[in-house]
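Asks: For what it's worth, my numbering labels the leading residue of the sequence shown as 72, then goes sequentially.
Everything labelled a hint here was simulated from the structure, so no lab data went into it. Every value quoted in this text rests on a predicted model; they were computed, and no experiment measured them. There's no promise every hint is true.
The calculated lysine-lysine pairs, modelled on DSSO-like cross-linking and capped at a C-alpha distance of 27 Å, are [said to hold, decoys possible]:
no., residue 1, residue 2
1, K235, K276
2, K80, K155
3, K200, K174
4, K325, K91
5, K274, K204
6, K200, K235
7, K200, K91
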Amino acid sequence: MSTYTENLKKVTTRSLFKLKQQGEKISVLTAYDYTMAKIIDEAGIDAIIVDDSASNTMIGNATTLSITLDQMINYATSVVNGAKRALIIVDMPFGTCSGNPLKSLENAIRMMRETGADAIKVEGGEEIKDDIKKIIDAGIPVMVHLGLMPQSINKYGSYTVRGKNEEEAQKLISDCLLMEELGAFGLLLEKIPARLATEIAQKVKIPVIGIGAGAGVDGQVLVIQDVMGMNKEFSPKFLRRYADLHTIMTDATKNFISDIKEGDFPNENEWY
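Using the sequences provided together with the hints, build the complete structure.
Replies: Below you can see the structure in the form of structure tokens.
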């Protein structure tokens, strides 16, 4: 197996396009801090999304709506500092790309300039096409998030599967085709029927990343805390855990506490 340093060629938006052309699946995880980004980057992940789910996983908010542009910039800067190879995509938080193209461009420029990220991700379709076009025309790569859009929780009232009825499905297909036409470099489809996601991935030339969208898309993304088993309360159907860090970290903390209480830490080999 080749080493990380041998594969230090930077992943770009073009790289993801080539992976789709070659029929190779694209691997994506979220990250919000330097250490986690460094670990998954060195493991060979293709792309990292600094997602607004940081509002839930890092801050403890009930929804993604509360996280600010300043907070996202801080998280994204940490990830960019930690990951040297993976493509870094940063979420534009709620209200920063929503119906005012000039302001949306200003926010996107600030995100790119202050973080050093490679691209941004925007939630929304035809309704904010002018914002998305303005950003893309300025030379900023954009991934568009469609399907279940957590920033629209107050509109829909739930996190249920989207695109199940014909009207929703056709709207989703139309939005995806429009986003490709506008110049988006990729799509992220969340929690939609697998058959619909596969159809979309076959209709567009740009990479389609799925979360809860079946195996027929071009790649998969999950939240790092979920993959690593750090949040036992969250267990959706689409989640596969690859570790149980909640138990490992709990046990390690208990052992640390015990060693201190019993006078076993530090010992003579652990002081100066």
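Asks: Which hints from the list above does the structure break, by number from lowest to highest?
Replies: 4
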